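Asker: Chains C and W, in that order, are what the protein sequence lines are. For the first sequence, position 48 (counting from the first letter as 1) is numbered 48 according to the working numbering, and the numbering increases by one without interruption. For the second sequence, position 26 (counting from the first letter as 1) is numbered 142 according to the working numbering, and the numbering increases by one without interruption.
I should point out that these hints are in silico values taken from the structure, not numbers from a laboratory.
Below, in silico cross-link-like pairs of lysine-lysine (DSSO-like), each with a Cα-Cα straight-line distance of 27 Å or less:
hint	chain 1	residue 1	chain 2	residue 2
1	C	K24	C	K78
2	C	K68	C	K78
3	C	K68	C	K24
4	C	K78	W	K214
5	W	K167	W	K186
6	W	K214	W	K167
7	W	K214	W	K186
8	W	K214	C	K24
9	C	K68	W	K214
None of these values were measured; they are calculated from a predicted model.
One letter stands for each residue in the lines below.
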Amino acid sequence: DAGVIQSPRHEVTEMGQEVTLRCKPISGHDYLFWYRQTMMRGLELLIYFNNNVPIDDSGMPEDRFSAKMPNASFSTLKIQPSEPRDSAVYFCASTRGYTSGANVLTFGAGSRLTVL
Amino acid sequence: GQQLNQSPQSMFIQEGEDVSMNCTSSSIFNTWLWYKQDPGEGPVLLIALYKAGELTSNGRLTAQFGITRKDSFLNISASIPSDVGIYFCAGRTYNDYKLSFGAGTTVTVRA
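In isolation and in its complexed conformation, chain C is listed as follows (with noise of 0.2 Å):
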């Protein structure tokens, strides 16, 4: 398995450009992640969805920030428009659903962001 694949890498762009990064979960999995880290605050989750549909949106910073699943193996977190603070490396994960000896993130290597 290719594991948790996560485009692009490295993000550098300007204040006010958006900007779209994109996640495939691991094939079968029915839920996936989305979480943001910074040294001032760690890892925070975003947002995460089960089958394509967003549960929790609660951790989303503000409306500059949206994210869509429009299949069971595509996701996008875009940020629109991007600010020099949301600067930051932002991991996607995915798991199978939460049974018992489930709920095992896998995450993939992270989409580093830098908005000057």
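Model the placement of chain W on the given structure of chain C, informed by the hints.
Answerer: This is chain W only, laid out in the frame that chain C set:
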């Protein structure tokens, strides 16, 4: 998510030494997980714990799910240079699908 307190924040250890770190929660958890993150990579699962009192090993790593269900610890025995990295605890409460993460323990090994 739930509040997790992980300690220590960082540690410098001599190769061959044993390492111990712990995590406490303000809530009762039904799952505790320990992850390791290498530079430029995502966190990778080390050990998963599902029952209070459970003690689980993975090579030189040993983790325990506290009896109170509000704490967990991770031990690394006979540390080696490749143990360098950031170790995170994570947990979830019953009926909450979201994982909360500790702030991480940065381990640096001196050869």
